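The two chains are supplied separately, each in an independent frame; assemble them into the complex guided by the hints.
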Amino acid sequence: MDDRSFNNQRIHGMSDVVFECVLAYIHDSRDRQSISLVCRRLCELEAQTRKHVTIALCYTTTPKQLLRRFPFIESLKLKGKPRAAMYNLIPEDWGGFATPWVEELSKSFSCLKALHFRRMIVKDEDLELLARDRGHVLQVLKLDKCSGFSTDGLLHICSSCRNLKVLFLEESQVIEKDGGWLHELAMNNTQLEALNFYMTDLSQVSFNDLELIAKRCKSLVSVKIGDCEILDLVGFFRAAVSLEEFSGGCFNKQSEEYASLAYPPRLCRLGLNYMSTNEMPIVYPFASRLKKLDLLYALLDTEDHCVLLQRCPNLEVLEARNVIGDRGLEVLARSCKKMKRLRIERGADEQELEDEEGVVSQRGLTAIAQGCLDLEYIAVYVSDITNAALESMGMNLKNLCDFRMVLLDKEEVITDLPLDNGIRSLLSGCNKLRRFALYLRPGGLTDVGLTYIGQHSQNIRWMLLGYLGESDSGLLGFSRGCPSLQKLEVRGCCFSEKALAMAVLQLRSLRYLWVQGYRGSKTGFDLLTMARPFWNIEIIPPRKVNCGDGREMEHPAHILAYYSLAGPRTDFPPSVIPLASITQ
Amino acid sequence: MSGIELNHSRPTKKIFHRPQSFRDIQGWISKMNPELVKTVIESGKKPLCPAHYTPTVSLSMPETTPLTIFYNGIVNVYQVSPRQAETVIKFAYGKETPTSPSHNKLQTLNQGKQDVDESCSDLPIARKRSLQRFLKKRKGRVNIGAPY
Numbered sequence: 001m002d003d004r005s006f007n008n009q010r011i012h013g014m015s016d017v018v019f020e021c022v023l024a025y026i027h028d029s030r031d032r033q034s035i036s037l038v039c040r041r042l043c044e045l046e047a048q049t050r051k052h053v054t055i056a057l058c059y060t061t062t063p064k065q066l067l068r069r070f071p072f073i074e075s076l077k078l079k080g081k082p083r084a085a086m087y088n089l090i091p092e093d094w095g096g097f098a099t100p101w102v103e104e105l106s107k108s109f110s111c112l113k114a115l116h117f118r119r120m121i122v123k124d125e126d127l128e129l130l131a132r133d134r135g136h137v138l139q140v141l142k143l144d145k146c147s148g149f150s151t152d153g154l155l156h157i158c159s160s161c162r163n164l165k166v167l168f169l170e171e172s173q174v175i176e177k178d179g180g181w182l183h184e185l186a187m188n189n190t191q192l193e194a195l196n197f198y199m200t201d202l203s204q205v206s207f208n209d210l211e212l213i214a215k216r217c218k219s220l221v222s223v224k225i226g227d228c229e230i231l232d233l234v235g236f237f238r239a240a241v242s243l244e245e246f247s248g249g250c251f252n253k254q255s256e257e258y259a260s261l262a263y264p265p266r267l268c269r270l271g272l273n274y275m276s277t278n279e280m281p282i283v284y285p286f287a288s289r290l291k292k293l294d295l296l297y298a299l300l301d302t303e304d305h306c307v308l309l310q311r312c313p314n315l316e317v318l319e320a321r322n323v324i325g326d327r328g329l330e331v332l333a334r335s336c337k338k339m340k341r342l343r344i345e346r347g348a349d350e351q352e353l354e355d356e357e358g359v360v361s362q363r364g365l366t367a368i369a370q371g372c373l374d375l376e377y378i379a380v381y382v383s384d385i386t387n388a389a390l391e392s393m394g395m396n397l398k399n400l401c402d403f404r405m406v407l408l409d410k411e412e413v414i415t416d417l418p419l420d421n422g423i424r425s426l427l428s429g430c431n432k433l434r435r436f437a438l439y440l441r442p443g444g445l446t447d448v449g450l451t452y453i454g455q456h457s458q459n460i461r462w463m464l465l466g467y468l469g470e471s472d473s474g475l476l477g478f479s480r481g482c483p484s485l486q487k488l489e490v491r492g493c494c495f496s497e498k499a500l501a502m503a504v505l506q507l508r509s510l511r512y513l514w515v516q517g518y519r520g521s522k523t524g525f526d527l528l529t530m531a532r533p534f535w536n537i538e539i540i541p542p543r544k545v546n547c548g549d550g551r552e553m554e555h556p557a558h559i560l561a562y563y564s565l566a567g568p569r570t571d572f573p574p575s576v577i578p579l580a581s582i583t584q
Numbered sequence: 001m002s003g004i005e006l007n008h009s010r011p012t013k014k015i016f017h018r019p020q021s022f023r024d025i026q027g028w029i030s031k032m033n034p035e036l037v038k039t040v041i042e043s044g045k046k047p048l049c050p051a052h053y054t055p056t057v058s059l060s061m062p063e064t065t066p067l068t069i070f071y072n073g074i075v076n077v078y079q080v081s082p083r084q085a086e087t088v089i090k091f092a093y094g095k096e097t098p099t100s101p102s103h104n105k106l107q108t109l110n111q112g113k114q115d116v117d118e119s120c121s122d123l124p125i126a127r128k129r130s131l132q133r134f135l136k137k138r139k140g141r142v143n144i145g146a147p148y
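Residue numbers (my numbering), protein chains in the order written: chain A, 1 to 584; chain B, 1 to 148.
Isolated chain B (complex conformation) (with noise of 0.2 Å):
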């Protein structure tokens, strides 16, 4: 059988919930064998950690999950987040890659070497408060005409 099949085999702690990224992967876990997909969630109840010590939350956050795709007889697994595999899913349905806005509360934080490169060296030199203050107070004098 051929086709892409979405693998949930090992949740990591979901912290945080987004419902309309896994709208699409949902609906396709519900064509699945149900007693597959249940045998592969038993199967990933182990925990992650390392015994000596626990961390409070996976920085990895709960984003990168297994994308198993079977494919022509070939079965491949990747570490993927839910944007990714949206990407994977809509071009292979032949759609644009989506330039969607995550709707997520808590972005990932590892979005990838390029992205997170970008934002490394896009931070613009931050101004003081107190300048700012004064800075948006002037503009505000002068155009009310104050003299100046």
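Chain A extracted, bound-state conformation (with noise of 0.2 Å):
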């Protein structure tokens, strides 16, 4: 193992130098984490041209361990809060913070020039200092679900990031002063490709800015805002000629009036907000050029959702609620051959805001598995399901990577519970997936059912298990498994504290671990049987939470256990208990 090498000599009779012609085609991080154990020289070697890094947890690694290891990134991707915050889950002071990292970033990473943050708390001034420090050579930045920033922040970036290509802030709470961030962008910027601020609430931007930046960003290629209406962008639309993307706006006046509306020539991924039937035939002339189409906020009824898809046979991407229904989605699987990623979330929960046919269960789905056979990505919130759907889905969906699937509750009988067999067909059918989440109810899978996820969930590395299970016995069972699982979740399952630590010591891969609702012990303390150095404890204690309609609802205490090279966190609010680690 030993190479003994000086600089630039030889590793194994080679030069440095094939290595490091070699090296930069290699792009997979666990290829390079390989590489870089093989010797010290190749892992400096490594080290140095490693361009991006993924860091799953901000509070894994601090700011200058990532300095030392990898001086040269070009690309940093940090994700902060737990993704359950993505639900309303995480209190919002949780942690996150950007600061530490954009002082390091700005001060000592020369090369960066892509910046992701991803539910984040990420602070004007931090932005202030980005752009005064890196503005310059900062082509990507993305404040991805972030918070706590305003609009005097982004005027700092637009001003000075003259060379921003990608400028993404997609659901990100921002507080908002004005619409200048964007006027300066408009005057600033003649590289922009592309710009969301899809899903904020930002709302006192000008569609002439945004009419100035299509006319002056020639390479500008997809587009989301917020809610604008879609007339006010004819300028827009008319002067954006490399526009593929498009997403945002609302259609608030009659529908008359969007008859001569012309969308760009190379439009082929578009969001429909706010549009309803009477306006849905403006995208019929170029239907049948759409690879994406996002249904999530459109204001659609099955038979629309029908009318629609059959004329989109290039569809690859489609996002909608549950009222396309069964009918729909058979409509898609005789229509849309090409589909990789199919994503049907939960729609109203009152029956008069959505269509009654507005449900999804073993019909559609087992019409997908028939259908859709290049499919990659699946997720989708069913009212009734049975395990010949999912045995259908592991014989035919050979590609899938991502499944994930939540039984609703408003049912009180399901056809055909518990999808033991089902599941196990499921998984060891589709051996690539990587990503799995199953949220049934009491019942829906029994012990031997979620021993058999463990047994048959090779290559999977993140898992969401949602009312699974029956017992502590369910859990032990699956835990001898999953021999990859790298980040866990878990809601709802009622597993002991005890079974808990324990099914942690035995997941020889898990480095992250969520878990709500669960069984305390009498003192608490039978957590700390997975204590361990490096190994990360924390608790959300339960809390009473304003559910913003009068009402407050109890959460129940959360455990969050990661490992970490860092240490326990030193930024813990209150809504935040460690139980340190037993080598401090």
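If you're looking for bench data, these hints aren't it; they were derived computationally from the structure. Small disclaimer: the values here were computed from a predicted structure and weren't measured. Ideal placement from N, C-alpha and C gives every residue a C-beta, glycine not left out. Any given hint might turn out to be false.
For the chain A half of the interface with chain B, some residues (derived, Cβ under 10 Å), not all of them [what the hints assert, rightly or not]:
| id | residue |
| --- | --- |
| 1 | N88 |
| 2 | P91 |
| 3 | P265 |
| 4 | L299 |
| 5 | P313 |
| 6 | V317 |
| 7 | R321 |
| 8 | R346 |
| 9 | L407 |
| 10 | Y467 |
| 11 | G492 |
| 12 | H555 |
In structure tokens, the structure reads:
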């Protein structure tokens, strides 16, 4: 193993130069990780040539450690809050502060061009610092589901980062003071390729600025905006000749006024927010060109989905609410043979607000399984399910990498529970699965079924288990398998602290655990069975949360545990409590 | 001597103070022999944690402390939360078991098997923030009579 090589000498008979050339072609981080373990010289070479790093949880390491290991990275992705934050389950002040990272990145990472913060708290001061020290080189800035900053921070970025190609703010909670930032962007930038402030509440932006950006940025390919009347964007659409992707806007006027609306000629990825039946025909002229369709925020019923999807034979990505219904999925299966990614979200619970046909069940899933054989990703909220539907998916969807299914709780009686056999068939058939989420109800999967999951998930790296199993023995059976499982989320399963701790010790690849809803021990000390070096354990105690409509909801405790090279956090808010690691 | 005496002999780390619920308990302590109380508190000052680790906080929370009941010549000691102690006291007084809401900023993590099981299986399916936002907006549009 020890190469005893000096600088610029030979490793195993080959000069450094050879390895440097070869390394330039190796991009996968797992391959690079393997290479860096061969010998010290290769570790150094690999570190010097690493271009991108993703830190899945910002508390697992420190900025200084990153600098020591990978000083020349050009692109960094950092994630903060647990994924559950997207479902309003995590306190807003939980953490994931960008400040210490921005300080080090601005000072020391001379090659950094692309930065992506996901679910983190970013301040205006951070953006100002970034703009001042990195403004001239920054090409990509993504503030993805972030919070803590205002349009003042954006103003700094847009004034200083003249080479910005990508500005992504999707779903961030931005305090809006004015629309000046977009105006600065329009004035200063000719390089922009992607602009995204989708699902933010930024409404003071001017469509004139959007039009100016379209005119000046010849490479503008993707634009996703907030709520802005579509008719005000006629000029923008006319100017954005290279545009391939557009989402956002809304249809507030009378349908006839949209008849002459012309979308850009290369548009093939489209989000139709607040579009209703009468406006649908404007899409028909180019529907056959569509590769991606986002109907999550459209105002269409089941029949509308059927009519529209029939005209989209080249569709590869579809996002819709369950108003699409089984009938819509049957049309999709018949008409859209190139489907790769399908996401069916949960619509309104109140019957009056959604089409009564708007439910998805085993019927729709079976159709998809038999019709869309290239499917790689499926996420679906179902109202009913059978083992046979899951078996069909296991038999047919050989390219499936990501499977997520939630069984809604409206129907009292489900056709075919438990799903033990169906899940086993699905997992053994779809052997390329990397991500898996199953959210059922008590009785949905027995302990045997949970053990099957463990036994048939060779390559799965991330799992969400919701209301699965019956007892601790199910969890223990599960944890004897899952050889590749790195990240585990558990909700509503009522496993005991002791079983959770023992499962953690058995899951050999596990580096991150999140649990909400579990059976606590008398003393609470059973969790410490999993105490070990470098393993941080944190608790978010039970709390009452304001639901926004006058109601208060009781949120049970969370456990969050993860490997870290940085020791315990030093920035705990009152809502999070640490259990100190035994190395402290 | 009979009657219920409350004995806070081994105080755990009190991170979260709950004055309202302790009012009754403190009332009882003040009627006890102060020397006895002092002796018991002094004898209770032993670390609870094993030497090889020091958790920052006890998961059993400050809530579970011993409740010593002297009754009819028999002494019994129970580990209870202040809420449970309150229940016992009120029951002894002949009042109904209270269903008083907790005023704690932080509630007991381990409320008792039944409570925890219920809270386990009672979690509603959480909705994604983006969808929630849209459904709320859509309701608003319907309410103002927007064409749809």
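Closer than 10 Å between Cβ atoms is the bar; does A/R321 clear it against chain B? Give me holds or violated.
Hint on A/R321: holds, closest Cβ of chain B at ~8 Å, below 10 Å.
Report holds or violated for the interface hint on A/G492, using the least CB-CB distance to chain B and a cut-off of 10 Å.
holds (4 Å)
Regarding the hint that A/N88 lies at the interface with chain B, is the smallest CB-CB distance below 10 Å?
OK, holds: A/N88 within 10 Å of chain B, min 6 Å.
Satisfaction of the A/Y467 interface hint, Cβ to chain B closer than 10 Å
holds (7 Å)
Was the hint right that A/L407 lines chain B, CB cutoff 10 Å?
This hint holds: A/L407 lies near chain B, its Cβ roughly 9 Å from the closest one there, short of 10 Å.
Let's test the interface hint: is any C-beta of chain B closer than 10 Å to that of A/H555?
Constraint on A/H555 satisfied, holds at 9 Å.
Min Cβ distance, A/R346 to chain B: is it shorter than 10 Å?
For A/R346, the interface hint holds, since the closest Cβ of chain B sits about 7 Å away, which is under 10 Å.
Measuring from the C-beta of A/L299 to each C-beta in chain B, is the shortest one below 10 Å?
With a closest approach of 5 Å, the A/L299 hint holds.
Given A/P313 as an interface hint, is its Cβ closer than 10 Å to any Cβ of chain B?
Violated, because the Cβ-Cβ distance from A/P313 to chain B comes to roughly 28 Å (cut-off 10 Å).
Using Cβ atoms only, decide whether A/V317 comes closer than 10 Å to chain B, and label the hint accordingly.
violated (17 Å)
Holds or violated: the hint that A/P265 contacts chain B, with Cβ atoms closer than 10 Å.
Not OK, violated: A/P265 not within 10 Å of chain B, min 29 Å.
Does the interface hint hold: is A/P91 within less than 10 Å of chain B, judged Cβ to Cβ?
violated (13 Å)
Taken one by one, the earlier hints fail for this structure at numbers 2, 3, 5, 6, listed in ascending order.
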